[in-house]
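Chemist: Starting from the given sequences, assemble the full structure and let the hints guide the process.
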Amino acid sequence: MKGVPDGIPYYKEPFHEFSRIPYEEGKDLIIDGYFQSEKYFKRSVVLDLYRITDELRKKIWNICGNILEKGETVSIHVRRGDYLKLPHALPFCGKSYYKNAIQYIGEDKIFIICSDDIDWCKKNFIGKRYYFIENTTPLLDLYIQSLCTHNIISNSSFSWWGAWLNENSNKIVIAPQMWFGISVKLGVSDLLPVSWVRLPNNYTLGRYCFALYKVVEDYLLNILRLIWKRKKNM
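The working numbering applies: residue 1 is where the sequence shown begins, and numbers increase by one.
No lab work stands behind these hints, which were simulated from the structure alone.
Be a bit skeptical, because a hint or two may be false.
Computed Cβ-Cβ distance ranges for the label pairs, DEER-style [to be verified]: (1) 220 to 81: 34 to 42 Å; (2) 168 to 7: 27 to 35 Å; (3) 9 to 81: 32 to 40 Å; (4) 107 to 187: 28 to 36 Å.
Using N, Cα and C, we set each Cβ at its ideal position, and we do this for glycine too.
Modeler: Structure follows, in structure tokens:
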């Protein structure tokens, strides 16, 4: 890596389950990975580091302060975008997952929706209790989620952090059981805090068939790349 002196030990996170980092006090260590398990850090320290500034809080209140003050609020994060093309690796949480999550948490709540596909959300979340966050920034969306009473997240580190930064001691966080798709074999037992509720986000038949197609496509493309590489080196 450019700019890094030679001889510094390098540690790459082997999977999404907690693995102790071989750090020795006073010695440099390069670490690489997501480290998306709360076992890696002290909650009080991280909350203090990422506490909302007065300026940011003012912006949020200008956007949705009147909604946040209405009563019990629930953030819903819907991640579509690139996930629609990668069902084998990152399965999209569909309508049934969100419907079950809303029923679990209580349909009488106020739902604040953040998404990279608000148009889809407007077609699928219908009613006076749904509010859509638009024309903001990822940072604002992240903290809006953290200020809600409860959270319904997608299989995304973005909404994971939005829910984790929520300081409500009585919060309910609902997360999808299936974080990765059929082509990704990673341990995720430490990825979600034990207090979070896991609900199924199973493939529909159509999405499962598409995921299988993508697995086969990737396999064949890798073979073609190997053949091309060998021919090039001959």
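Chemist: None of the hints should be skipped; say for each whether it holds.
Modeler: Checked hints:
1. Remark: the range hint 34 to 42 Å for residue 220 to residue 81 is contradicted by a beta-carbon distance near 25 Å.
2. Here the CB-CB span from residue 168 to residue 7 is close to 46 Å, at odds with the stated 27 to 35 Å.
3. Evaluation of the 32 to 40 Å hint for residue 9 and residue 81 yields a pass: the beta carbon distance comes to about 36 Å.
4. Between residue 107 and residue 187, the C-beta spacing of about 35 Å keeps the proposed range 28 to 36 Å intact.
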